[in-house]
Amino acid sequence: MSVTGNVLNKVRVGIDTGGTFTDCVLWQNEKQPIVVKVPSTPQNPAEAIINGLQRLCDLAGIPVEEVDLLAHGTTVATNAMLQEQWAKVGLITTKGFRDTLEIGTQMRPELYQLQQKKTAPIVPRHLRMEVTERIDPQGKVVDELNKEEVYEALKKLLSEDIESLAVSFLFSYANSEHEALVREAAAELDPELYVCISSEVSPEFREYPRTSTTVINGALAPVVRRYIRYLREELQSRGIGEKLNIMQSNGGIVSGKEAEVSSHNLILSGPAGGAVAAAEIARKANFPNALTFDMGGTSSDIGIIIDGKPQVVQGTSVNDVYPLQVPTVDIHTIGAGGGSIGWKDKGGALKVGPKSAGAVPGPACYGKGGTEPTVTDANLFLGRLDPENYLGGEFTVYPEKSYAALEKLAKELDLDVERVASGILEVANASMAGALRVVSSRRGYDPRDFALIAFGGAGPLHATALARELGIKTVIIPSSAGVLCAQGLLLSDMRHDFTHTEVVALDIADSASLERSFVELGERGAARLKGEGVPSECIHLKRSLDLRYKGQEYYLNVPVEGEVTRELLQEAAGSFHEVHKNTYGHAAENEPVEVVNLRLSAIGEIERLDDEQVVKQEVGLNANTPINHRSVYFNEYGWMDTPIYHRGGFSLDTEIAGPAIIVQMDTTMIVEPQQTVRVDEQGNLIVSLEGRA
Amino acid sequence: MRKQSQLSIEKPETESKIDAITLEVVYSGLLAAADEMSGVLGRSAYSPIIREMIDYSCGIFDNKGNLIAQAENIPAHLGSMGTALRDLFNDFPLDTFQPGDAFLVNDPYRGGQHTPDLHVFTPAFLEGQLIGICGTIAHHADMGGKNPGTEGFDNKSIFEEGLRIPPVKLATAEQINEAVTTIIAGNVREPRATMGDLRAQIAACRYGEGRLKELANRYGVDTLLEVMKKSMDYSELRMRTELAAMKDTEATASGWLDDDGVGGPPVEIRIKVMKRGRDIEVDFTGTGPQMEGGMNVPPAAATSAVLYAIKCVVDPSTPQNQGCFRPIKVRLPEGSIVNPHFPAAVSLRHLAVQRIADTILRALSELYPERTAAGTFVGFSSLAIDSWHPIHGNPRVIQDDLGGGMGAHPNGDGIDAVDTHCGNVAILPAEVCELSYQIRVRSTELIPDSGGPGTWRGGLGIKREYEILEQEHQGLVYTEQSNPDFAPWGLKGGKAGSSAKIRHVRKDGQEVEMRKGYFQAQPGDRIIIETSGGGGYGYPVLRDVQRTIKDVREGKISLEAAEKVYGVVIKDGCIDVEATILKQSK
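First to last, the protein sequences are chains A and B.
Numbering-wise (UniProt numbering), the first sequence opens with residue 1 and increments by one.
Numbering-wise (UniProt numbering), the second sequence opens with residue 1 and increments by one.
Treat the hints with care, since some could be wrong.
Said to hold, decoys possible - Pulled from the structure, derived: some chain A residues nowhere near chain B, Cβ distances all over 12 Å: (1) Gly104; (2) Lys147; (3) Pro209; (4) Glu233; (5) Arg238; (6) Gly239; (7) Thr316; (8) Gly347; (9) Gly471; (10) Glu520; (11) Ala526; (12) Leu541; (13) Arg566; (14) Glu567; (15) Glu571; (16) Phe634.
What the hints assert, rightly or not - Here are the simulated DSS-like cross-link-like pairs (lysine-lysine), alpha carbons at most 27 Å apart as the crow flies: (17) B:Lys213 x B:Lys169; (18) A:Lys95 x B:Lys507; (19) B:Lys550 x B:Lys492; (20) B:Lys492 x A:Lys117; (21) A:Lys473 x B:Lys213; (22) B:Lys550 x A:Lys344; (23) B:Lys247 x A:Lys346; (24) A:Lys411 x B:Lys229; (25) A:Lys156 x B:Lys550; (26) B:Lys146 x A:Lys550; (27) B:Lys550 x A:Lys88; (28) B:Lys571 x A:Lys155; (29) B:Lys146 x A:Lys118; (30) A:Lys346 x B:Lys169; (31) A:Lys88 x B:Lys571; (32) B:Lys550 x A:Lys117; (33) B:Lys507 x A:Lys140; (34) A:Lys156 x B:Lys571.
Stated by the list, open to error - Simulated coverage check for chain A against chain B, where a stretch passes if three residues somewhere in it have a Cβ under 8 Å from a Cβ of chain B: (35) 122 to 129; (36) 294 to 303.
Worth flagging that the hints you see were computed from the coordinates, not collected in a lab.
What you are looking at is a predicted structure, and each value in this text was computed from that prediction instead of being measured.
Each residue gets a CB set at the ideal place from its N, CA and C atoms; glycine is no exception.
Whenever a hint applies, use it, and build me the whole structure from the sequences.
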């Protein structure tokens, strides 16, 4: 059983807000999926959502109130962080520790810059107050909380018009009493004030990441709450306010109401949908281990899928600065995209990026004032993009402007224009391939054992060259490469994560006490899901332990099943040695193992729709004939007359040898000479590089 | 011992068969390979000092021993592996290298840094041809000697600093040289961790070999070797172009260590920097004679400090390779603290290394303010205490190094509270401390008014208080820059930052000030360390009044200092305009 229960003809909608477009997908059993792209409305993202929803329902011929599930990937939290448009937060800490947030790890951002700057903390020093209190690692009170100081601090902060309050005391994960008392006091003085306490937001040891995570929650909550409440009201007026669910960074969805208080879980709301969808595609296409490559205009996201699941890491950082201690889909962003600019540096080398032409002025070919050659300009000049049909023909580009920009750089480098254009692609590919290799090798994997799943506007343009560079044998371009994140929203379960820190040697750990802690976490998880309307039979509680060798600083996560007993702990130690070997290259079986954290994920299962209904929309029955031919430049081969295909025209038995270019509305794919491409049963394009030496 | 370390090895050639694009593509492959080696080492190392504090570096060298690409995690390792590698050629000439060989060295008198830093090198061959060499350096938790962790300010000879390993063959293609590993394991405090870390170093080198072979297969050996050569020429050109754009100068400066490690008088580091045209020379003539204690600096470490300082000033973004170093000449007088005679102790060379970097930057700061900054905290304030696990009771050593303020510069305030110059390690979290040791961190705070006043203010220092719990503890603390005369200097009218200070405050309130020393502490006693703030830049009265008001509001500058030093009078949280104008006009 699952959340949507036995009523298979329920209507589900996934809506993903992007920078330019808001992607919308509607699924209904026994019907063709409906896909709509509407322009995003950055001032009020909800507007585009309502527009898209209305259009989907019009096309489906159903009233909006018939929608049973609306899953939404939002950039509200991400943008608030990137643009520093967060709420004014006050912070109260243990006496002596208000500067923890500012000192951080004490490591400096740049090694060789004498004139460097460090990003300011989210809460400035005068809004960080200290109160006398101290709890020890076992949760015992060392110094009682001084209530007078608490009221004094609160009054001072309220007089500064803070919009929210974060409280982070040392060892509060072991005893949350003092933090809760501060929250009560705050409620007395101002019942409307949003208060978050570190023992609830991030109950894990290490004061800096815990405080930072709590502060991020406080900074985002008022912004996220405002947005979600507005959206819920809009939806409520159409009868579906309770159907709203939001995608979290961990790859699971959560009800709109819950999302209001877990704002710090929404930072990767958008890309998480892509990771979930890519994992599903990888699994069904029988390539359970895959690297994902999502290339956009200014940056590219790289992710890893193992055994058909997106990898989730236990901590990350926001804006590359602020630690955020929440489970997050493991996505690595690099500053290379279609808008990355090619330039000659002081030593005479051709460099690409990190400077990007962005959306404004954009690549030279956009004719909006850009005069420097970008990756997109190089693709256009080399025939890899069609000037007549850029973005499905809805967008005019000016190839002569690309040429002028490339020619200028060619003169500076004393090379011909072709060499410079192909050089920009080579250099950009080399750096992206380097990033893919570093991302996988740092996690203990060899990219040659993986398939590459490419999506995003520019991903399929570069994927086959990257695969060749990395020794990857298979490239997968999903049928819905352009709306993958929205599709992923409809494949996600509901999910809440809980943590309990308990540092204890495994051999002397009290299994009954660990079991009690797990049961307690499970009760909280189940209660939260039930509160969101999930029936008990759809609730799954997944336990895991963070373990390490005694003396180590950091830990590895090991899943466990069933009641905690001595035997179970022994088994967990066994798995730990194995995971340690896989991750770090060696294990020390005779070393004592230590428990660090108990983790529990409460999953509310959403029933999958039948495969047949959702992915085959683009598999047509037309003949596999090219729609056109044009001259395209391939490195090592030069200009080649190349057939252009429309993806919608492919049938299931299609198999085409490169060189070829395959276009669809929102992306273009290159098949290089000596590569072949076929369509699989899911409608994915599968490029094989096996033919190459 | 070389009297002069000349880094220039070969002249650049202008002829070339490859273009800018091939160079960039293949070179980025070499840089990624060094970075991947670093990932392999970090993942498979055992000790926290390597994995968590990231005290290791990896590099790729050409088939003559020139550094081509380096992934260094702390600047202390900049360019230093090459010194050890070239010294190794004296015992193992290049033409005797065989596929599968691995070499090991840590001897500070054979191109090493200090005994805990182990170097491993392996040659890479393709079809019988040597195509490059992979190298790693990693700081091991312990190499034996009288103190846990091997380092000691009052060590009087290298023989108190654990196992000294001259260049030896650690492995052949067939097997590890077990005679070597057995001797090492028998001389260190944590043999299992040390062996694990050593295996991780070998694994990283082998990984690098594989990547070099792949690159040679893909682009051809000739292209690969040509790219290596051109990449050095490229970095050299970048450095020389920048140098040519800088005014010529001959500048001198002196920097001082508080003492010689055993309670003697301050020790001088004298620097003369000559920048002429496209070359730069750093001469240490006049630097004090080698000291009795453990802060002498072997040539490889002194050279790294020079390269760090020059790279900061000339061009921080030039790719790290031998070409960068060609325009730089270093003179290290024999028998001085920067080129000591065997068997002087060197284990705490990093304290002097910080001061070397600081002194070079001081020499250059008056002439190139747009490229430098005022003085930075270089005291390296640290503590090491023998403690016990609070629950299990097993003995363990707590170590912590504190950062301080960076110097202000014409474009902004110095950063508050960071590890500086050649170091960049993390602070021990208070919760990790109390979970792991019988020691409670009572506070970790920025120190108001510690940053040197100026138009731009120096960064603030850190104050940290450690409280001893449960039973008597023994430990040692040390710091440099405790003498106010040696505090981070101001520039162009800016004032000096505060000096560093360590106190042992007994439970009864009695205080003992310490600079470098051993102590016994009872439960309830506190060790309080205060590090320096950075120096200020420009005259304080010229500071933007709004910035001073903000600093006062944030408690980074006191009301009194605002009035007395900056001439900004604040009453009830608002600026008293008349009084301020009156003050500042004086």
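Going through the hints against the structure:
1. Gly104: Gly104 of chain A is in fact no farther than 12 Å from some Cβ atom of chain B, at 8 Å.
2. Lys147: holds, 21 Å
3. Pro209: violated, 9 Å
4. Glu233: holds, 39 Å
5. Arg238: The claim stands: Arg238 of chain A keeps its Cβ more than 12 Å from every Cβ of chain B (closest is about 48 Å).
6. Gly239: holds, 49 Å
7. Thr316: With a cut-off of 12 Å, Thr316 of chain A remains clear of chain B, as the shortest Cβ separation is near 17 Å.
8. Gly347: violated, 4 Å
9. Gly471: violated, 8 Å
10. Glu520: holds, 22 Å
11. Ala526: At about 30 Å from chain B, Ala526 of chain A clears the 12 Å cut-off, so the statement holds.
12. Leu541: Holds, since 28 Å exceeds 12 Å.
13. Arg566: holds, 19 Å
14. Glu567: holds, 23 Å
15. Glu571: Glu571 of chain A clear of chain B: closest Cβ-Cβ about 23 Å, beyond 12 Å.
16. Phe634: holds, 15 Å
17. B:Lys213 x B:Lys169: Roughly 22 Å separates the two Cα atoms, so the pair holds.
18. A:Lys95 x B:Lys507: At roughly 19 Å apart (the allowed maximum being 27 Å), Lys507 of chain B and Lys95 of chain A satisfy the hint.
19. B:Lys550 x B:Lys492: Holds, at roughly 23 Å.
20. B:Lys492 x A:Lys117: holds, 20 Å
21. A:Lys473 x B:Lys213: Distance ~20 Å between Lys473 of chain A and Lys213 of chain B Cα, so the pair holds.
22. B:Lys550 x A:Lys344: violated, 42 Å
23. B:Lys247 x A:Lys346: It holds: about 19 Å lies between the C-alpha atoms, which stays within 27 Å.
24. A:Lys411 x B:Lys229: holds, 25 Å
25. A:Lys156 x B:Lys550: This hinted pair holds, its Cα atoms lying about 17 Å apart.
26. B:Lys146 x A:Lys550: holds, 25 Å
27. B:Lys550 x A:Lys88: holds, 16 Å
28. B:Lys571 x A:Lys155: holds, 21 Å
29. B:Lys146 x A:Lys118: Between Lys146 of chain B and Lys118 of chain A the Cα gap is close to 40 Å, so the pair fails against 27 Å, i.e. violated.
30. A:Lys346 x B:Lys169: violated, 42 Å
31. A:Lys88 x B:Lys571: holds, 25 Å
32. B:Lys550 x A:Lys117: Given pair Lys550 of chain B, Lys117 of chain A holds - Cα atoms ~17 Å apart, limit 27 Å.
33. B:Lys507 x A:Lys140: This hinted pair holds, its Cα atoms lying about 22 Å apart.
34. A:Lys156 x B:Lys571: Given that 27 Å is the threshold and the Cα spacing comes to 18 Å, the pair holds.
35. 122 to 129: Holds: 3 residues of the stretch 122 to 129 of chain A have a Cβ under 8 Å from chain B.
36. 294 to 303: violated (count 0)
Figure legend: structure checked against the earlier numbered hints; hints not met, in rising order: 1, 3, 8, 9, 22, 29, 30 and 36.
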